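So the sequence lines, in the order shown, correspond to chains U and W.
According to our numbering, the first sequence is numbered sequentially starting from 382.
According to our numbering, the second sequence is numbered sequentially starting from 846.
These aren't lab readings, by the way, just hints derived from the structure by calculation.
Each statement offered as a hint is correct.
Some but not every residue of chain U turned toward chain W, in silico, with C-beta under 10 Å:
#1 Arg-400
#2 Tyr-757
#3 Ile-758
#4 Ser-765
Model, not experiment: these values are computed from the prediction.
The beta carbon of each residue, even a glycine, is placed where N, CA and C say it ideally should be.
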Amino acid sequence: MNICLYFQVHQPYRLAAYRFFDIGDHDRYFDEYANRFILQQVAEKCYLPANEVLMELIERYGDDFKVAFSISGMALEQFKAFEPKVIESFQKLANTGSVEFLAETWAHSLASLKSKKEFEAQVSMHEQAIWDLFGQKTVSFRNTELIFSNDIAKMVNDMGYKTMLTEGAKHILGWRSPNKLYTSAEVPALRLLLKNFRLSDDIAFRFSNRDWKEWPLTAEKYVSWLQQVSSDDDVINLFMDYETFGEHQWKETGIFDFLEAFPGLAIEQAGMRFKTPGILADELKPETELDVPYPISWADEERDLTAWLGNELQDEAFEKLYDLEEDIYRIKDEKLLHTWRLLQTSDHFYYMCTKWFSDGDVHKYFNPYNSPYDAYIHYMNVLSDLYLRMQSKSINPASK
Amino acid sequence: MKVLMFGWEFPPHISGGLGTACYGLTKAMLRSDMEILFVVPKLYGDEPAEGMKMISASGVEMHPGDEVFQSPDGKISLFEIDSTLLPYTTEEEYLKLAKELEKVQHVKKLQWDSKTYSFSGGYGKNLMEEVKRYAIVASNIAKTHDFEIIHAHDWLTYLAGIEARKISGKPLVVHMHATEFDRSGQHVNPAVFEIEQTGMQAADKVVAVSHLTRDTVIKKYGIDPDKVITVHNGVDPPAKKAPVETIRHFPEKIVTFLGRITFQKGPEYFIEAAHKVLQRDGNVRFVMAGSGDMLPRMIRRVAELDMGTRFHFTGFLRGADVDRMYGMSDAYVMPSVSEPFGISPLEAMRSNVPVIISKQSGVAEVLKHALKVDYWDVDGMADAIYGTLNYPALRTMFRKFGKKEVEGIKWDQAAIKLKKIYQHMLHE
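Work out the full structure, taking the sequences as your base and the hints as a guide.
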């Protein structure tokens, strides 16, 4: 049995409490202090120690242990600015040859749902960043929040990717197993690896939950679950946020010991092998095609887009943001373009989600705002200012 | 389950939220099959019966058990004790009022039987005198009536509650609708504080109308947290009435403050926020509706900021004028410094008006579809006002969910919770 471990690394640029009377006055949209503070904290608690554990595992198990990362461009940019040793740490991992870096949109954006042009531009930016930092040419793609649909399959394939990661959503799979390689019905050349959400979330969400009947989760117990997977299956895809280790699940819960222990058990006792998406896509034979007319994602029970889009606040903000697209390309001002991209990060729309009014403690946990309404107001203030700045550039071309 | 309740006011003769709250709560308690004997200082005879047995206790001491008014099914009794005291007023306001009333009620006060209770000072002038007299009547009522639980609403009735408990040995619940800190800020009247504290210490359980109030009770009065329980207020559906015609004679949007213009309500923060918004947005007018001891100062401040043509005072509004005001408003602001619960934003939301409320309000604990700011955060308040007026999705969302949310905040939930508390106490 193959195991595919993929970790998502992402940190948004959080907005400052940008007030309406700041509009037209200044463009300090982002909370530099909070962003730096949070990044350094997460680096200390998660990225650096978790990288060390992986490094040891790679050294110990050699070819049998490989992992994949997707690191958003915004995370990379913040590492460079606030904590460069995180980059070095990832470079060390890259040098082992046992780590695959996936491509994604540079700004961890939802551009795939709105603009092919912007989507492709951001993927190219990210490819370049991975090449520059880690010397890898990306061969597998993962879209923001594992969002996938037939339309996105086409765009991704057009960009030369033959493998993509997404969610093993029940309503897409039906009776079929997520533990197989699939292809896109829209573009049969594109191979799909699907997240096994039960086994992934056992670690990412449930590990420290004392109300969970399986608590405490030991490496032995977990590997026994991995072994229960049908022998007809080919690969168990464990996809999760890297912040699971040390940030969502604190060090005190034993999450690092778990991370250190279960791969060894899986390899030595259960004869499993940890492989990267690029390798698996070549080795495995695709099971069948999957038709995904409506976008799926890895979020919430619904596995749809409603964490980011769908309520009035989100939709208006999203529309207004992409209304600026044509002009922002035309103006050709690097700083404005960069800012516009920072505002595309999916987190901004996640903060405006009203679903957690009825459920989902998860949303609340990750939300720096008191309410989605506050998130929306700040975001719209920023967008209003960006719009004013674009207007003034249009009237007074940069050449002057 | 039969409850002896001490209140201070009952609709329609109310000066603040206490009477409305007692009315809503008791109606819901009846629906939950509880019986209530409701005592108030003064009964006018036009209180809404609605299945309640109401008894005037005006002459309790002279003719104990004399029932002046009683509803047919006899479930609620309302007693009357004559008094001029109004809850939710500061002592300063109270004294002003007492002075005026003294002239009018000079004759009336002689009607009280001085054989059963002798006054030391002028009637109504001495706040503590009133409260103590109420307590004496209470012990009389407790002696002559049958009940299982005593429930006292706000400090004015706590001595009454304690007396009734002493006489009957029945468990006492005191209900904190507001604390002295809410009414007076840091300038707490020590005598009132003492009665509140004594009442809560003597009580078997303390009910607070919000977590905010519960916190105050525990931290500032030193009450054992185990006996303080939060029971959020509800809100009654509005009486069916003809829609009020609202005509706007100007194109600007309207942002409204509606409430008593006192320290507790934070009117000055509203004015400062308005000033900030007006510097940016010419398409808006502000209205401050209500009266209170801070009104003159507020008018001076508006003049000082030179925004009199955009900031308007309406004075005290009642009835249809309130509805008209809501009907004209594009946003409603409640910047209260300290608001144990706060029912007015719910009324605004029912009229489809988006609301901005201070985090220092109990109602902020139950509302999701409202913008919440710290009362002192004038920038945040201004920003919330601006956003509500200028970013259309907010309005759409509030319209879509606000009214529904308010309809879900029911007195029945409060009554059910209270019933459980009673049952628990009786079984202990």
